[in-house]
Amino acid sequence: MEEIYFDIQGNCRLIKASKPGVDFLLAYSKSLQMTEVGGAYFETHLN
Amino acid sequence: MEPQIEDSLLIQRYVSGDERALEGLIDKHNQRLSSFIYSKVGNRSITEDIFQDTFIKVIKTLRRGTYNEEGKFLPWIMRIAHNLIIDHFRKSSRMPMFEGADSYNLFSMMGDDKLDAERQIIKDQIDSDLGVLIEELPLDQKEVLVMRIYRDMSFKEISENTGVSINTALGRMRYALINLRKIIEENDIVLTN
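Respectively, the protein sequence lines represent chains A and B. Residues 1 to 47 in the numbering used here are what the first sequence lists, from first letter to last. Residues 1001 to 1193 in the numbering used here are what the second sequence lists, from first letter to last.
Wrong hints could be hidden among the right ones.
Computed cross-link-like contacts, DSS-like style, restricted to lysine-lysine with a CA-CA straight-line distance of at most 25 Å [unchecked claim]:
| hint | chain 1 | residue 1 | chain 2 | residue 2 |
| --- | --- | --- | --- | --- |
| 1 | B | 1123 | B | 1091 |
| 2 | B | 1040 | B | 1091 |
| 3 | B | 1028 | A | 16 |
| 4 | B | 1091 | B | 1060 |
| 5 | B | 1123 | B | 1142 |
| 6 | A | 19 | B | 1123 |
| 7 | B | 1057 | B | 1091 |
| 8 | A | 19 | B | 1142 |
| 9 | B | 1028 | B | 1072 |
| 10 | A | 16 | A | 30 |
| 11 | B | 1142 | A | 16 |
| 12 | B | 1123 | A | 30 |
| 13 | B | 1156 | A | 16 |
| 14 | B | 1182 | B | 1142 |
| 15 | B | 1123 | A | 16 |
| 16 | A | 16 | B | 1182 |
| 17 | B | 1091 | B | 1114 |
| 18 | B | 1182 | B | 1123 |
| 19 | B | 1142 | B | 1156 |
| 20 | B | 1028 | B | 1057 |
| 21 | A | 30 | A | 19 |
| 22 | B | 1123 | B | 1156 |
| 23 | B | 1072 | B | 1091 |
| 24 | A | 19 | B | 1182 |
| 25 | B | 1028 | B | 1040 |
| 26 | B | 1072 | B | 1060 |
| 27 | A | 30 | B | 1091 |
| 28 | A | 30 | B | 1028 |
| 29 | A | 19 | B | 1156 |
In case anyone wonders, no lab produced these hints; they're calculated from the structure. Since the structure is predicted, the reported quantities are computational estimates derived from the model, not experimental observations.
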């Protein structure tokens, strides 16, 4: 039981996603265009 | 310390086209969400992937305008992340990944079929010694042996090329090998790698 508790403790760290990861999301959001046609959504990414 | 802007306000701004609002949302929940994912998967790069996939789903839902704001943004993204974590474990159980450790490295088990430098030198020496021994054989036996071993010809092809029957070619090959063994034994030659 102690071992299991110890394993879980090892993963309890405060971490943050990296800046390149966040920048990717922001760029993804800027490039994404949603078009609705008859209730269906089409995604396009602008370069 | 900057005052925290409500999620609902950030979402509203983002949906209206303010990209900086998304940055605010990500920044606000980055540590909480990343730490939650990391607590389940225990790997930084997988955490990063799942974090990105979570926010990609968030972005798509907000852009479609199908998000129903009830002041529950954080529980919603946690649920998305949770489902993605489950997907990750399902996928990895279908495709188990082997990771090497300090005590056991996968690359120590792998190798190409090439000889190392020392063995290559020994092989070259054996090939050269064998070439000298083959020169000692009678011409007809040497001819058959060279065609069979070095040119990889079939006995049918050898018989056609030398103008003898297949049986004769087989016989010459047999005598060539017997004679080679005899020379090797008589001269105490070691031909091993």
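So, going through the hints one by one against the coordinates:
no.	hint	result
1	1123(B) x 1091(B)	violated, 47 Å
2	1040(B) x 1091(B)	holds, 15 Å
3	1028(B) x 16(A)	holds, 11 Å
4	1091(B) x 1060(B)	holds, 23 Å
5	1123(B) x 1142(B)	holds, 21 Å
6	19(A) x 1123(B)	violated, 55 Å
7	1057(B) x 1091(B)	holds, 19 Å
8	19(A) x 1142(B)	violated, 72 Å
9	1028(B) x 1072(B)	holds, 14 Å
10	16(A) x 30(A)	holds, 22 Å
11	1142(B) x 16(A)	violated, 74 Å
12	1123(B) x 30(A)	violated, 62 Å
13	1156(B) x 16(A)	violated, 73 Å
14	1182(B) x 1142(B)	holds, 15 Å
15	1123(B) x 16(A)	violated, 57 Å
16	16(A) x 1182(B)	violated, 76 Å
17	1091(B) x 1114(B)	violated, 36 Å
18	1182(B) x 1123(B)	holds, 21 Å
19	1142(B) x 1156(B)	holds, 17 Å
20	1028(B) x 1057(B)	holds, 17 Å
21	30(A) x 19(A)	holds, 16 Å
22	1123(B) x 1156(B)	violated, 30 Å
23	1072(B) x 1091(B)	violated, 29 Å
24	19(A) x 1182(B)	violated, 75 Å
25	1028(B) x 1040(B)	holds, 21 Å
26	1072(B) x 1060(B)	holds, 17 Å
27	30(A) x 1091(B)	violated, 30 Å
28	30(A) x 1028(B)	holds, 19 Å
29	19(A) x 1156(B)	violated, 71 Å
Figure legend: structure checked against the earlier numbered hints; hints not met, in rising order: 1, 6, 8, 11, 12, 13, 15, 16, 17, 22, 23, 24, 27 and 29.
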